[in-house]
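**Q** Dock chain B against chain A, hints included.
Quick mapping for you: the protein sequence lines, in order, are chains A and B.
Quick note on numbering: the numbering used here labels position 14 of the first sequence as 14, and the sequence is numbered without any gaps.
Numbers in the numbering used here are just positions in the second sequence, counted from 1, shifted up by 110.
No lab work stands behind these hints: they were computed from the structure.
For every residue, glycine included, the Cβ atom is placed at its ideal position computed from N, Cα and C.
Certain hints may be false.
With a straight-line cut-off of 30 Å between C-alpha atoms, the simulated DSSO-like cross-links for lysine-lysine are [said to hold, decoys possible]: (1) A/Lys109 / A/Lys57; (2) B/Lys117 / A/Lys97; (3) A/Lys97 / B/Lys175; (4) A/Lys97 / A/Lys57; (5) B/Lys117 / B/Lys175.
Negatives, chain A to chain B, calculated, CB over 12 Å [as the list claims (entries may be wrong)]: (6) Val13; (7) Gly16; (8) Val19; (9) Lys22; (10) Glu67; (11) Gln78; (12) Ser90; (13) Pro110.
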Amino acid sequence: AQRVTQPEKLLSVFKGAPVELKCNYSYSGSPELFWYVQYSRQRLQLLLRHISRESIKGFTADLNKGETSFHLKKPFAQEEDSAMYYCALSSSGNTGKLIFGQGTTLQVKP
Amino acid sequence: SAVISQKPSRDICQRGTSLTIQCQVDSQVTMMFWYRQQPGQSLTLIATANQGSEATYESGFVIDKFPISRPNLTFSTLTVSNLSPEDSSIYLCSVVGFGVNTGELFFGEGSRLTVL
Chain A
1 AQRVTQPEKL LSVFKGAPVE LKCNYSYSGS PELFWYVQYS RQRLQLLLRH ISRESIKGFT
61 ADLNKGETSF HLKKPFAQEE DSAMYYCALS SSGNTGKLIF GQGTTLQVKP
Chain B
111 SAVISQKPSR DICQRGTSLT IQCQVDSQVT MMFWYRQQPG QSLTLIATAN QGSEATYESG
171 FVIDKFPISR PNLTFSTLTV SNLSPEDSSI YLCSVVGFGV NTGELFFGEG SRLTVL
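In isolation and in its complexed conformation, chain A is listed as follows (with noise of 0.2 Å):
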């Protein structure tokens, strides 16, 4: 079965320390990865995607085949880094059809 697992439900670091947030995935074929992000009150948004091979916001993830995972970085975090961090895989090629870890919440304190 399709599935995206994210083991941490919170992660809570320091300003200025750097962050991983995990994430895992379960599939066969070859998955397109995104991750999300929703600040407070506000609406969930794309931070990247695989494919693109970006850096947003400092952040990066590297997809590792081998490992099937899609882990989300930045070296130095920042207090306007807080938020709830969903990681997402497309199996079908319809992007609008995703499957979505529990979501991690990355608390930045000063």
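**A** Positioned in the frame of chain A, the structure of chain B alone reads:
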């Protein structure tokens, strides 16, 4: 990008009644997607609404419980019927972007339903 408006933003309903959620998009789109987020849970796709044809439902969701209308390319409604407390969730409407935003899913602000 696509701008999506949902109404109502929140509602409290009695069990056994129904609630209809409206979703308006500022551009014409072929497909609209309805997601549910139960308390403390992740987002789950309910159905894909296509203009001019019946909605396509995901496993575990049925038309009798979640009837969907899609009268034109900018509007859709989701009805949650015969409400029970287990239907208390946030319901989200979404569309896929186009042009430079191709493949990006845009979300409405969500409709928070509480069933008493």
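**Q** Just want to verify: A/Val13 was marked as not at the interface with chain B; is every Cβ pair farther apart than 12 Å?
**A** 22 Å, holds
**Q** CA of A/Lys97 to CA of A/Lys57, is that 30 Å or under?
**A** 25 Å, holds
**Q** Verify this label for me: A/Gln78 is non-interface relative to chain B, using a Cβ-Cβ cutoff of 12 Å.
**A** Given a closest Cβ separation of 23 Å, the condition holds.
**Q** Should the label of A/Ser90 as a non-interface residue stand, given a Cβ cut-off of 12 Å to chain B?
**A** Nearest chain B Cβ is 8 Å from A/Ser90, so the label is violated.
**Q** Is A/Glu67 truly not at the interface, in the sense that its beta carbon sits beyond 12 Å from all beta carbons of chain B?
**A** The claim stands: A/Glu67 keeps its Cβ more than 12 Å from every Cβ of chain B (closest is about 21 Å).
**Q** For B/Lys117 and B/Lys175, compute the direct alpha-carbon distance and say whether it is at most 30 Å.
**A** Distance ~19 Å between B/Lys117 and B/Lys175 Cα, so the pair holds.
**Q** Is the Cα-Cα distance between B/Lys117 and A/Lys97 30 Å or less?
**A** 22 Å, holds
**Q** Does B/Lys175 lie within 30 Å of A/Lys97 when you go C-alpha to C-alpha?
**A** Distance of about 20 Å is within 30 Å: holds.
**Q** Minimum C-beta separation from A/Pro110 to chain B exceeding 12 Å: can you confirm that?
**A** Nearest chain B Cβ is 27 Å from A/Pro110, so the label holds.
**Q** Looking at A/Lys22 again, its CB stays over 12 Å from all of chain B?
**A** 15 Å, holds
**Q** Take a quick look at whether A/Lys109 and A/Lys57 sit within 30 Å of each other, Cα to Cα.
**A** 18 Å, holds
**Q** Are all C-beta atoms of chain B more than 12 Å from that of A/Val19?
**A** 20 Å, holds
Checked against the numbered hints given earlier, this structure breaks only hint 12.
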